[in-house]
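Take a look at the letters that make up each chain.
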Amino acid sequence: MLNAAPAETRPPDPRADLTASLGLYASVARGAFRRYSTYRAATLAGTVTNTVFGCILAYTFVALWRARPDLGGYDLDQAVTFIWVCQALMPTTAIFGGGFENDVQTRFRSGDIAVDLYRPVDFQGWWLASDLGRAGYHLLVRGGAPLLAGSLLFHFRLPERPLTWLVFLLSVLLAEVVSFGLRFLVALTGFWLHDSDGVRSVTLVVAMFLSGMLLPLTLFPGWLGELARVLPWAALAQVPADLFLEHATGPAVLGPLGLQLGWAAALIGAGRGVQALATRKVVVQGG
Amino acid sequence: MADPGLVPAPSGPGSARTGFARTGPGWAGVRSGVARARWAARSWWLCAAMWTRSTMSYRASFAMMLAANLVIAFLDFAVIILMFRHTDTLGGWNLPELGFLYGTSGFALGMANLLIGSVDALGERIRTGTLDVMLIRPAPALAQLCAERFSLRRIGRPVQAAAVLAWSLAALDVRWTWDRVLLVPVLLLCGTAIFGAIWVGFACLQFWWGEAEELQNSFTYGGGLMLQYPPTVFAKDLVLGVVFGVPLAFVNWLPALRVLGRPDPLGLPTAFQYASPVAAALCVAVAGFAWRAGLRAYRGTGS
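Residue numbers (the numbering used here), protein chains in the order written: chain A, 13 to 299; chain B, 3 to 305.
If you are wondering where the hints come from, they were derived from the structure by calculation, not from laboratory data. Don't take every hint at face value.
For the chain A half of the interface with chain B, some residues (derived, Cβ under 7 Å), not all of them [stated by the list, open to error]:
#1 G58
#2 V64
#3 A75
#4 A79
#5 P81
#6 G210
Ideal Cβ placement from N, Cα and C applies to all residues, glycine included.
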């Protein structure tokens, strides 16, 4: 093998290194995508549940908006569409749980988490890749079905400009990264608490309330509304739904996207910090 | 401990039928049925008490989780309060009336979840083979399944719902006749039974369709959410579906029409508004049959 020898003596090429690790994360994401697509019955059951919840909430919104048209800056069709977009985002961003954190929690209990930290792969990067793969599958199947059901059962407002779809998809990607950032921080409490279930159940309800999934944040009164609209949870549902409804178009989309990007960067950074702290100080139990 | 002769009857797939055949109809059958129900309740109690003792060893953690659950449950009602900042009525019902629906629905769902909510892990127990362990223990498997991982902190939800209900009862403008007074505790009791039966009934689907765990959330949590809002909000077909299909309307909608003195949007006979006990009994019977059928169809994985 004449060609191989000089390649080994060459100093490691940082670009080849990057490509290799990107390839690794891509295959982790692909694996997660395929793993979730295996459980077809579970997907069907989850999709039915999302659609049922969407229907119930849509009817209550119809009643509210019939009583007060144009409430919170939405007309009736927009309000109903808002609900269905949120139902599509709920499984995608795994706000209700069911993402990577279940696996991490199991590994905390069994002590396998120690093996994860030994791997020559970044802990956060590995789980982010895996969660992105899951989110991709859930967006395609569990996100698509409620949108379809909503558009068939109710008056639905589709985006008028084709470009909005692209902006919306970018916003969903950022929403998923923000959601991962939040759930990663919660999952890491397992290093100290051994069991992050309690913290998870509390943060779940807070996330549901402050993301606007139950009621658009524009209906929140005074300072609570203003605060809620800039907190990271707003990036999970309120921001992508508003972009879908074309509340901001053209260059104005940069504002909401910037908010999401800012929170995504801040939370991933915070996650790295906590991870460094956890791996240095914490003794892993179990085995 | 109860009569050991009663023990094997509900504990195995085949023995359930022979248990019936041996006792037959008549007073002996009724007496044996009552004794079996008492033994099942006692098994549930023993199992739940064991889990409570186990969680109570982390007292501070339990107290914090209970407090957090209570506060968090109020966020749920906050959504309805926020809605009423923008309107005086929803579907023609005012805030105290919605509070009545919210309180009764939340209490029934919360109590059912507290008492038997663990049953939804059935699919996982079948997958991992831990159901077999329950089947060979000398206690009714359903009682064990319902009490497994019993978690007292789930009481936060019904307590919060009861607080909302108490507020609504004080704020409601209702002339309290004896039938209205009587209907409130009856509907809470029957509502809990209906939700409990739905929980068990849909959990039994997992005998055939192990991954379907999430499906029952549509009827339990989804049903609970639906019953928080007045029936006038929803399409007529949907309301018909929860009267004659999955009888959720008997949890609080139909009795609430009587208690609050509101016209029935479906125009059903008045008897329906008092029929919650009948609906609850039917639900429990159907859930019981589903459990027996599921247990007969069950084949262990051998793991």
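**Report entry** Supplied contact hint for V64(A), tested at 7 Å Cβ to chain B
**Finding:** holds (4 Å)
Query - Given hint G210(A) near chain B, where the shortest CB pair must fall under 7 Å - result: Status holds, d = 5 Å.
**Report entry** chain B contact restraint for A75(A) - C-beta distance below 7 Å
**Finding:** Where the cut-off is 7 Å and the nearest Cβ of chain B is about 4 Å from A75(A), the hint holds.
Query raised in the report: Can the hint on G58(A) be confirmed by a CB-to-CB distance to chain B that is less than 7 Å?
Result: holds (5 Å)
Requested in this report: Closer than 7 Å between Cβ atoms is the bar; does A79(A) clear it against chain B? Give me holds or violated.
Outcome: Nearest chain B Cβ about 4 Å off; hint holds.
Report task. Using 7 Å as the Cβ threshold, decide whether P81(A) counts as touching chain B. Result -> Where the cut-off is 7 Å and the nearest Cβ of chain B is about 11 Å from P81(A), the hint is violated.
Checked against the numbered hints above, the structure violates only hint 5.
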